[in-house]
Structures are given as C-alpha cells and as structure tokens.
Amino acid sequence: MDHADKDHHGGDDHAHGHLQLDYQPALPLTLGKTIMWLFLSTEIMFFAALIGTYIVLRFGAPTWPTPADVHLSEPIGAFNTFVLICSSVTIVLCLESIRARQAGIAKIWMAATLVLGSVFLLVKGYEYSQKFAHGLYPQKPHSLIYERANLEYAAAVRQALSAEIMALDDQAGEEGLSEEKQQRRDSMSLLLGGAVRWAEDQSTSLSLSLGEQKAALNLLAAQVRGPVHHGDHGHDEEPGYVSELNRQLGPLQEERGTLELLNVRLLAERRVYVTSADAATASAELEAAQDSGDNARLEELRQTLADAERAVEGTARSAADEGITPVGPGDEADRLADLDGEIEASERELKILDNRLTAIPVLAASHHGWNEDFKLRLPIVVPSGNMWASTYFLLTGFHAVHVLVGLIVFAIALTMQLGPERAGFVENIGLYWHFVDLVWIFLFPMLYLF
Amino acid sequence: MENATGDHDAHGGTGKYWIVFLLLCILTSASFFTYSSYWPFKDTPSVAWAFMMAVSCTKAMLVILFFMHLLWEANWKYVLTIPAGMMSIFLMLMLVPDIGLRTRNYSEERLLHAAEPEVHSTSSHGDPDHDDHDSNHHPSMEHDEGEHDGHHGGDGH
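Those protein sequence lines, which keep their order, are chains C and P.
Okay, so the first sequence: first residue is 2 according to the numbering used here, each after it adds one.
Okay, so the second sequence: first residue is 187 according to the numbering used here, each after it adds one.
Each hint should be verified, as a subset may be incorrect.
What the hints assert, rightly or not - List time: in silico DMTMM-like cross-link candidates among lysine to aspartate or glutamate, alpha-carbon distance up to 20 Å:
(1) Lys263/P / Glu44/C
(2) Lys132/C / Glu153/C
(3) Lys376/C / Asp171/C
(4) Lys376/C / Glu180/C
(5) Lys228/P / Glu422/C
(6) Lys34/C / Glu301/C
No wet-lab data here; the hints were simulated from the structure.
As the structure is a computational prediction, the values presented were derived from the model and not from experiment.
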C-alpha cells in the first residue's frame, strides 16, 4: 500500500506542486503479466465456484465421512502441502536467479520445481489408487459405496456373494475345485447363510423391535467394511463387532437348546399318533384277514398288532413323561398334520441357528472386514460416501490437472536458456504455479482435516 | 522491462522468501494443533474448522503478497482481487438456500434413502478429535437392544 501510494504521488513531490502529467500508454505492467493475471482471476472464480460448492454440499449434508472412513491420510496430505510450498519457493528463487543473471542456478531451481511437482502428482496417484482399492469411486459400477445399511444394501451383499459362489461352482463344473477354492466356497456360503441371510431375516423379523432390526443390518455393514481406524493408534485392537458377535453366542446357544427340546417333544408326540395309527391299521388288517383261514398270515398279523400295541404303550409312557396329553379320538389326523408343520418349522429354525452358530467364530476371527480378509469386493456402507467421492475426486482432479499443466510448462522452460530476457516468462509461470499452490492450501484442510 | 520497485526488491535478497517458507511450514503444522490434546474446543468441531480456515487464509495471504509479489504491485491489484473475492463469496451464499439447506425440504421417501449419521459399532473408541459426538452415543444404545437378539424365531411354534 505504502509503495503503491508513493509510486502514485512520487511525481507530485518532485514537481513541487506543478501539475505534471505522466503519459502512460498502458497498465504499469507487461502485456504478458496482464494477461496472466486476467487468466488467474478467471481461475480464482473457477476454483472459488468448486470450493464454494463443496463447502455448501458438505455442510448441508446429513452426515459426512471422517478422513479415516474414506482412507484419507492426514500425514500424506500434509506432506503434499509441504512439497507444494517447497516448489513455490524454488520457482520464486528461480526467478530471483534469472534477475541476478545466474542462468545456471536458475535452471537448477526450475528442475527442482519440476521434480517437486512430479512428487506431488505421484503421491496423489498413490492416494487415488488406495481409494480405488477400497472401492471408493465417484461412480457406479466401480463404486461399492452404499449410503446406509438397509435391506437394499443387504440384498446387494447377498447378490455379490452369490455371484462369487456361482463363479466358483462354474469352475467346479469344469475341472473340480482345488482344495483352496473349495475352502473359499465353504467360507462364502458360511458368510451368506450365517451372516447375510441372518441379518436379512433379523431385519424383517416381526418379533424384533425397529432398533434391533436396524442393529442387525448395522452389524452386517460393520463386518463387511471392517474397523475404521482413527489415527495411527489401535490397529491391533479388536474391532467392536467382535464383542457384539461373541455376545450373541450365549443367548443363541440357549435358544438352540430350547428349540432342540421342543423338537424332541414334537417328535415324541408325533410318534404317539404314528404308533396308534399303526396299531389301528394292524388291528383292521387282522380283522379283515380273520376269515381267510391263512394261519401263518394270521399269526404274523397278530404279532404285528402286539408289536404295535407295545409301541403305543411305550410312546404313550414317554409322552406322559414329557407332559404331553394327546388329543381326543377323531382329531389325530388333524393334529398329525399340524405336528408335521411344526416339526418342519422347528427344524428349519434349528438349521438357521446352527448356521449362525457355526458362522460366528469365523466372523469374529475376521478383524479387517470381509473385503480384506476374504478378498472380496462387497458393497460397503459409507454414509454420504457418494457425495464425498464426487466432490473429492472433482476437486483434487481439477487441481491435479493444473499441476500437470504446470509441469509441462516447466519441462518446456527447462529446454530454454534462462537468461534475463526470460524473466517475464518465468514470472508468469511462477504466478500460475503459486496459484496452484494457493488452491491446495485451501483444499488440504477442507478435504483432509475437516 | 521491470519497473523501478521490482528492481529494487530484486536485490533485497532471497531472505524474505525463506522467512515466508518457514512461516508457511509453521502454519501448516498449526492446522494440526486442533488434533493435539491441548486444543480446548474438542466438543465444537466448528471452532476447529474456523481455526483451520483462518490458518489457510493467512497462508494464502503470505503466498499472494510475497511469492506472487502482490505486495509490491500497483493499485490494479485491487481491481482484480476484490471483485473476484466478492463474487466467490456471493456464489457460495447463493448456493445455500437450495443446496446447503436441501435436507430441510426432503420428502419422507427421500429421507428413507438419505445417509444417516453412522453408528460406530466398528470402533470401540470413537476418535475424540474429529468424530461428531452425537453418533458416539448410539453404539451402546444399539448394543443394549441387540442383546435381546435371542428372541429370533420365537414365534411360529
């Protein structure tokens, strides 16, 4: 400000109050620099639009993933910030060397800027590859991001797992599965039956509260995605879902015991009806054969009837021990049909429980999420992850393109003799580069630290 | 080609650039101050965000004033920077009603598919630094309900 004012009024001081008009044919700066600054002002508005939209989208979102949720590393971001700051210093020192007529030194600084810019892009590329490895893409079909753990999500996981199993089965049809692949197939069906279907059943079970239904789906989502590490600490710690799974073991085993007892009772009751029906059949047959005069056949039928009556006595006694009171005569057929239905249902329940009980130790042993532990690419739940991916890749992508353009210009500049006549050129590309740095200064905290 | 002031600064030496560089490095690490245990506003992340934006603006000013030499430029610099800055702010403000406040106008059906704050049942200890603290209360609540899972299939017999 002071400087600028002095420039302005300097003429007046020397003229001792006389009006002395300086004829200035243009702005007090070179044409190249004027154009560069005009270009930069459009760039300011371009990035201001991007960053402003990001801020509004981010703070208007119902929730936003933490850096750890989306595998963003703050130290890597800080390192890249440092790299860009260094490159800003090297390009400004390059300009100073040119002005001091040290072309050789200027070239070294220019080369250093090129190297630092390349380092930035390499680190950026590494970060992108980490995101892609975890299925964080801005767009389906590559993106594995789901907004919330609902039935739609569970169905997507089930479909992905089924597809995996079907692919293995196709291989098995051709040449049989190797032991390793058979193991993989077994664990896939364990996940499918003992976890995914279980969660789907739980979340639609009318006997559970809404909270319990949601908790079942959240547990599934947590297992697929694995623990989210905040910061560097706690990598060896047991993820939260492990204790939750182990907590389920006791009640489930208890439930299985109850169900098994019930099943035994149902089978005993069924036997009562089956044996009495057998006895009735045997006595009817004996009566029908009474007149035939076939003594051997009669003896055989008598024996059958005696066996059947003994069986009736036996089953009746054990039923009485169980406290079962058979229904009155005439209703046996109905009751038998009911019993068959109940036995089928309880056996189905038992199978589901057995699946779950076999699966829990395997599930609890998976400490890094299914996708990592079982080498899968199952859908993951990252609330607001889609909006995050769109904004993150758009902002960093546009910035990376600007870095790339800068690197190309630096490479061209390196082929030149960096004498004093190049000062204007280097100043202009320096201005551009500082602007790229400036954008990153805002992007870094907003993308990595907020 | 260089104007008088430019030449004057050129032999001012490169010392000032190194000082700016040092300041930029210090300011970058200052952003991480919000992560340390000395940061007093753990419960209100917005304070941390404001602090980091203030740090960023300071860094941006340092780069603009010294590296981009705007400190020594004539008054044309205001013509370029002030309108561009104002338009940037207006643009952001204009997006607020329709985009920033969009969830206020969500229909019931839209809300069914909207993201909801995550239940961190995955991390046994939520990170105190940048977790929104509301969500930390959910896991225990969900666990309590989840313990009664044993009722599965209780009906149907």
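Now for the hints, and whether the structure bears them out:
no. : hint                : verdict
1   : Lys263/P / Glu44/C  : 15 Å, holds
2   : Lys132/C / Glu153/C : 24 Å, violated
3   : Lys376/C / Asp171/C : 19 Å, holds
4   : Lys376/C / Glu180/C : 17 Å, holds
5   : Lys228/P / Glu422/C : 54 Å, violated
6   : Lys34/C / Glu301/C  : 117 Å, violated
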